[in-house]
Amino acid sequence: MHNHALTPTGTLTGGPPNGTVISAENLTKTYGDVAAVDGISFAVPAGESFGLLGPNGAGKSTTMKMIGGVTRRTAGQLSIMGLDPDTHGPEVRAHLGVVPQQDNLDEELRVRDNLLVYGRYFGLPMSYLRPKADELLEFAQLTDKAKSKVDALSGGMKRRLTIARSLINEPRILLLDEPTTGLDPQARHILWDRLFRLKEQGVTLILTTHYMDEAEQLCDRLIVVDKGRIMAEGSPAQLIREHSTREVVELRFGSERNATIGSRLEGIGERLEVLPDRVLMYAHDGESALEQVSARGLRPLTSLVRRSSLEDVFLRLTGRSLID
Amino acid sequence: MTDAAPRTGVAGRTGLRAHPPEVSAARARRWGAFYYAEQVLRVMKGYSWSIVMYSVGQPVAYLFAMGVGLATLVDTGNAAFGGVSYLAFIAPALLVSAAVMTAANEFTFPIMDGFKWRRIYYGPHASPLTPQQIAAGQIIAVTLRLLLQSAIYFAAVALFGASTSGWGWAGILVATLTGLAFGLPLMAYSASITEDKGQFALVMRFIVMPLFLFSGTFFPLDNLPVAVRWVGWISPIWHGTELGRVFSFGYREPLLLTVLHVAFLAALAVLGWVLTRRRFTLRLGQ
Ligand SMILES: Nc1ncnc2c1ncn2[C@@H]1O[C@H](COP(=O)(O)OP(=O)(O)OP(=O)(O)O)[C@@H](O)[C@H]1O
Ligand SMILES: [Mg+2]
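Chains as they are written, first to last, in the numbering used here: chain S, 1 to 324; chain A, 1001 to 1286.
Note that these hints are calculated values from the structure, not bench results.
Treat the hints with care, since some could be wrong.
[Stated by the list, open to error] Non-contacting residues of chain S with respect to chain A, defined by C-beta distances greater than 12 Å in every case (computed):
(1) R130
(2) T181
(3) G182
(4) L317
[Unchecked claim] In silico DSS-like links for lysine-lysine, alpha-carbon gap of 25 Å or less:
(5) K145/S <-> K158/S
(6) K1197/A <-> K1116/A
(7) K149/S <-> K1045/A
(8) K199/S <-> K158/S
(9) K145/S <-> K1045/A
(10) K1045/A <-> K1116/A
(11) K158/S <-> K1197/A
(12) K147/S <-> K158/S
(13) K1116/A <-> K149/S
(14) K1045/A <-> K147/S
(15) K158/S <-> K1045/A
Just so it is clear, CB atoms sit at the ideal spot from N, CA and C, and this is done for glycine as well.
When you get a sec, could you build the whole thing from the sequences and use the hints?
Have a look at this one:
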């Protein structure tokens, strides 16, 4: 694809085509004694889908807010399209579409007016905004709600409106903080499809999520963050290869016995993870590991062999299950 | 200038193209405050009916009750009232009071709504607008409302025949300036509240009400004991009221005092604006 005259005037240094659009060096944010983001570094090339994965309080939203040019960093370097958000806030934000974790729609305005008003903040003319708003309402499947007050929308509808709003300026970089939280499965799949299309058009996506399938589907590359630090970085496949085995056996012995039975499974597979509700056995060959379990005379209530996922990587790296 | 980048057309059927980010940023830097004012006015439009009713109904009711009803009990020839009817004496004061009341509402609850209740400011904050522009936009919109309301109020005053000077219309500007002198420091305070513990009710009861009572609205400040007269001197309402009287019926006072009224009101408004700007920047950039 012929890409990207992102800096038509040549006055802003956006880097070479397909160059780095976002780079963070030792990015840090402290609130009092709390280091919400504790010196993280990464670079995102144009057109990449880049994910931040981490448990609650890991510092994902804080990172997103710094990239979005709304929260000032405490230390480190940050550049978006070659611009420092501290000194070029409006220029940085003009490049972005932002879906914050917490919806901040104007609840006093009607649904369509929310899009129009937001577009005005970018100095976009009404002749563009009116048809664009209708196009985005259709995209968010809210056309029949165009004249409703925002208060009257369901949580999922508000989320979809926020996402539609983020696209009003046709951004080349989209920041999505848990975009599909609160959406029903159908709406989520539709959104994935739309995000995929944006990605095909070369839009850079930065997203955080708690859903592993979302991360695996949408992210070219991701960082696993915990306590404000980067624990691992790579493509989903790379991360799985490096931090987990090919397959996983999930065994359930009943909530009473999971913990006690752990010791009797020692030595099977590469690694064992005992969770309250199940035991995870990491092995390259799940079936043969399961046979060894039977050979030891153990009879789990249920057993399942599956491929490793990011969930397992996450568990390994943070010691926590992602969905609490 | 051409924009060769393929843009984010979601449906892409309409062939719409947004202007490039550089243009957005340049426009926002220049006009951002007005863009935000536009939003506030759009919200106000949602309750424009009650704004108009309030703007018209209030002066008519007050002028009638105070100026016509109460005036029958008050000695009209009294030199303390500047040699004019009681109605003419209180009309400019009522005009100022109404503006201050509106400012007291517009610069408290909506600010809390922006930062805390419905977090309205955080949407535009992610756009090219700056926190200062958001604050300025809110102020511009309220200023327009104050001007409109004061103009309606003045029209009512004129209809009651309560403005005897040809300069009476200047009371519209005086009332608006007084509203800002009172409202902007209050806005800075509102922007600093993180925990809603009913502070606004306290402000109304212990600041706004005493200022009203001791600001020479219903009787000249000189009628009060010296011990409480200082309340009037530091009250923007008193300065605005006196200034309004000068324009409304040629109330006599030293020119220096008139200049002082304007300077005091302007200084308060500027101070409030500076503090508000700082608060908005700190709080939104957290
Ligand atoms: N405005 C703030 N003031 C004080 N502390 C804050 C503030 N914002 C975030 N924090 C703290 O910073 C840390 C990181 O928070 P952040 O919201 O970035 O986490 P997160 O990864 O987005 O979590 P979640 O998955 O729950 O959304 C937390 O310990 C949080 O309490
Ligand atoms: Mg978060």
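We went through each hint and held it up to the structure:
With a least CB separation of 10 Å from chain A, R130/S falls inside the 12 Å interface cut-off, contrary to its annotation. With 12 Å as the threshold on Cβ separation, the claim that T181/S sits away from chain A holds: the shortest Cβ distance comes to roughly 17 Å. Listed as a non-interface residue, G182/S keeps its Cβ farther than 12 Å from every Cβ of chain A; the least gap is roughly 17 Å. In this structure L317/S is separated from chain A by more than 12 Å, as the shortest Cβ-Cβ distance comes to about 30 Å.
For the given pair, K145/S sits about 11 Å from K158/S by alpha-carbon distance, which is consistent with the 25 Å threshold. With a C-alpha separation of about 13 Å, the suggested pairing of K1197/A with K1116/A holds against the 25 Å cut-off. Between K149/S and K1045/A the CA atoms are separated by roughly 14 Å; this keeps the pair inside 25 Å, and the hint holds. Taking the CA atoms of K199/S and K158/S, the gap is near 23 Å; set against the 25 Å cutoff, the hint holds.
Annotation: proposed proximity of K145/S to K1045/A holds, straight-line Cα distance about 20 Å (limit 25 Å). Of the supplied pair hints, the one linking K1045/A and K1116/A holds, its CA atoms being roughly 22 Å apart against a limit of 25 Å. The straight-line distance between the Cα atoms of K158/S and K1197/A is roughly 29 Å, outside the 25 Å bound, and the hint therefore fails. For the proposed pair K147/S and K158/S, the alpha carbon gap of about 14 Å is at most 25 Å, so the pair holds.
With a C-alpha separation of about 20 Å, the suggested pairing of K1116/A with K149/S holds against the 25 Å cut-off. As the CA atoms of K1045/A and K147/S are separated by approximately 15 Å, the hinted pair is consistent with the 25 Å bound. Note on K158/S and K1045/A: the hinted pairing holds, with a Cα-Cα distance of about 23 Å set against a maximum of 25 Å.
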